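Since the structure of chain G is provided, determine the placement of chain C on it from the hints.
There are 2 protein chains.
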Amino acid sequence: MKIVVDAMGGDHAPQAVVAGVIEALKEFDVHIVLVGVQEQVEAELARYSYDKTRVEIAHAPEVVGMEEHATVAIRKKRASSISVGIDILKELCGDAFISAGNTGAVVAASSFILGMLKGVERPAIGLVIPTLQKFSFLIDVGANTNPKPEHLLHSALMARVYVREVLGVANPSVGLLNIGEEATKGGDFVKDIHKLMEERVTNFIGNVEANEVFTGRCDCIICDGFVGNVVIKVSEGLMESAGALLRREIKKSPLAMTGAVLMKSRLEHIKKYADYTEYGGAPLLGVNGIVMISHGRSSPKAIKNAIRATIREVDHNIIAAMASELSK
Amino acid sequence: MKIVVDAMGGDHAPQAVVAGVIEALKEFDVHIVLVGVQEQVEAELARYSYDKTRVEIAHAPEVVGMEEHATVAIRKKRASSISVGIDILKELCGDAFISAGNTGAVVAASSFILGMLKGVERPAIGLVIPTLQKFSFLIDVGANTNPKPEHLLHSALMARVYVREVLGVANPSVGLLNIGEEATKGGDFVKDIHKLMEERVTNFIGNVEANEVFTGRCDCIICDGFVGNVVIKVSEGLMESAGALLRREIKKSPLAMTGAVLMKSRLEHIKKYADYTEYGGAPLLGVNGIVMISHGRSSPKAIKNAIRATIREVDHNIIAAMASELSK
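Top line first, the protein sequences correspond to chains G and C.
Here the first sequence is numbered in our numbering, starting from 9 and rising by one per residue.
Here the second sequence is numbered in our numbering, starting from 9 and rising by one per residue.
Since the hints were made in silico from the structure, they are not lab data.
It should be emphasised that the depicted structure is a prediction, and the values quoted were computed from it without experimental measurement.
Be careful, since some hints might not be right.
All copies of an identical chain are treated as equivalent in the list; a pair is satisfied when it fits inside any one copy or across any two copies.
As the list claims (entries may be wrong) - Straight-line C-alpha distance at most 20 Å; calculated SDA-like pairs for lysine to any residue:
#1 LYS203 to PRO157
#2 LYS34 to LEU53
#3 LYS309 to GLU276
#4 LYS142 to GLU248
#5 LYS259 to LEU53
#6 LYS272 to ALA250
#7 LYS193 to MET74
#8 LYS279 to LEU254
#9 LYS193 to GLY251
#10 LYS193 to GLY304
#11 LYS309 to LEU334
#12 LYS241 to ALA27
#13 LYS272 to GLY251
#14 LYS241 to GLY195
#15 LYS259 to LEU140
#16 LYS241 to ASN219
#17 LYS199 to ASN154
#18 LYS272 to LEU254
#19 LYS241 to GLU190
#20 LYS279 to MET247
Here chain G stands alone, though its shape is the one from the complex (with noise of 0.2 Å):
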């Protein structure tokens, strides 16, 4: 097996990246791609010791900055290397791709050069969240804001397969994130969502609110890509900001603190816990491979981990369950 990696993409790159990989090549029988300018690649690799067979160098001498208008960037770069780490994919000279880069310039690259599975019109990122019970997975994150009722539709027939392969759930339960449980609840779009998914979704169970998002009631919770994203940004931002709020009450009391001394490795394992990075990626879903999207800000970890979910989705062939499944 072989996995394609962006070495360029990501705040931390390409040394998070790298470290990343070697890690991953101590734990999984796998080969990497390094997609990336070579002679940097090449100056960082050089500070590990690592069986060289299994790793080799595409370079890519351009690279598509985190800022960067993702369409406008993937049009002008073609040599950049998130295009060519997923040309690699397309030539079936690699089985999945994974990048910390630019997430737009990722999605447009992935659907321009992959394609669409059939009967798919939009790609939708996907992302396994920690919940009190379990996992669940909530689709879209951010790939479509201007999705039609279809689009979603597809999402939760491809989430179910995902997370029947790749998270191992016999029979995933499918939700769509609405403002209340009723069926008549939300605009007329998720209505018309609702109704779609009523007919066409095995186990959908209706309606699903927000505050039920990381109880884990149900396995596979879609929205559209402006929704989802609002989702997690606003989870993160307020985990930050209770945190720092945290801290600063803490620090008022000398008693607090030792309060929060004797509760730290309980803090601790909260904090691996509801981490992301233990998750790894977010899969680009839709196209027509494996594509992993991994956080801006992955650690050596987060990439070692995203390799890991890839390995899971070529293991189980998911991208011809996902098209089995789309074509019933």
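Below, chain C alone, put in the same frame as chain G:
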């Protein structure tokens, strides 16, 4: 000043509502009209000693349930506490109306009975949210889930007036909730709103991402009712899940339990800080009268604080101030 209060609204009505009114009578120079089933309200009032010249009861034999279909309920139950209460406002026999009842019914009855402010087509619900720095005002959190871009413009104009007059911020900044900072981000809908706001809203600072909702970066955060409802519900749910996870982890370790005890007073301080009941209710803006929607789970304190908030609205003549802003 006379505040009209729906005695039958909320999960703990009429007990919690009447208890809150009794508290308010002690703290504020105000008269209260309690609207509800006369004998139930009288029975509840009989448990307290208070200045009887400052409280009257308006009999409303019908009650709208929390889960009833809003518009149907309002059409069928013309003698509900919600409709009767808003009628009193309409007849100028009261200065503001507060209800912890069925939100949709309050929105529908207010719009129907009071009508809209000139130039406004749809109402919006605002919410004062605690942030790291101070407060921010999020609008709309659920009144209008099928808005046109103009509706969000009107929300922005009204929000600025509310935050200036009621929260005392001199020149409130306004941000548009979006999934990126650049003006080109988001779907067509938010792009249209961005353009409108740029032209018409004073101190418009552009897009604000959802991870900044709780940082206090801007005073007024504008979004559609679907997205705003998701923001508050996902925040509520996340804090509940994080709390449950924390308790679960702490119970695993006697050391951590001791730590939690030492931190107790600081944790309670945070809880109080983040407690929505401290800020009363959520003002319904756009209708031609002062209407405040309280949380269905409102405690007596929440009701008392909602009364305080409406007193400020009346004192600052918020309706005239918004009408003037909208006519510019």
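Hint check results:
1. LYS203 to PRO157: within (10 Å within a copy, 26 Å between copies)
2. LYS34 to LEU53: Within one copy, since 14 Å is at most 20 Å while 73 Å is not.
3. LYS309 to GLU276: Result: close within a single copy only, 16 Å intra versus 35 Å inter.
4. LYS142 to GLU248: between (22 Å within a copy, 16 Å between copies)
5. LYS259 to LEU53: This pair counts as neither: shortest intra-copy Cα distance 42 Å, inter-copy 45 Å.
6. LYS272 to ALA250: both (16 Å within a copy, 16 Å between copies)
7. LYS193 to MET74: Intra 38 Å, inter 14 Å, cutoff 20 Å: inter-copy only.
8. LYS279 to LEU254: both (14 Å within a copy, 10 Å between copies)
9. LYS193 to GLY251: neither (34 Å within a copy, 29 Å between copies)
10. LYS193 to GLY304: between (35 Å within a copy, 18 Å between copies)
11. LYS309 to LEU334: Result: close neither inside a copy nor across copies, 33 Å intra and 53 Å inter.
12. LYS241 to ALA27: The answer is neither: 27 Å in one copy and 38 Å across copies each exceed 20 Å.
13. LYS272 to GLY251: Close inside one copy (14 Å) and across copies (16 Å); limit 20 Å.
14. LYS241 to GLY195: Cα proximity of LYS241 and GLY195: across copies only (17 Å, versus 22 Å in one copy).
15. LYS259 to LEU140: For LYS259 and LEU140, the Cα distance is within 20 Å only across copies (15 Å; inside one copy 29 Å).
16. LYS241 to ASN219: The answer is both: 15 Å in one copy and 5 Å across copies each meet 20 Å.
17. LYS199 to ASN154: This pair counts as both: shortest intra-copy Cα distance 16 Å, inter-copy 11 Å.
18. LYS272 to LEU254: both (13 Å within a copy, 12 Å between copies)
19. LYS241 to GLU190: between (26 Å within a copy, 16 Å between copies)
20. LYS279 to MET247: both (10 Å within a copy, 14 Å between copies)
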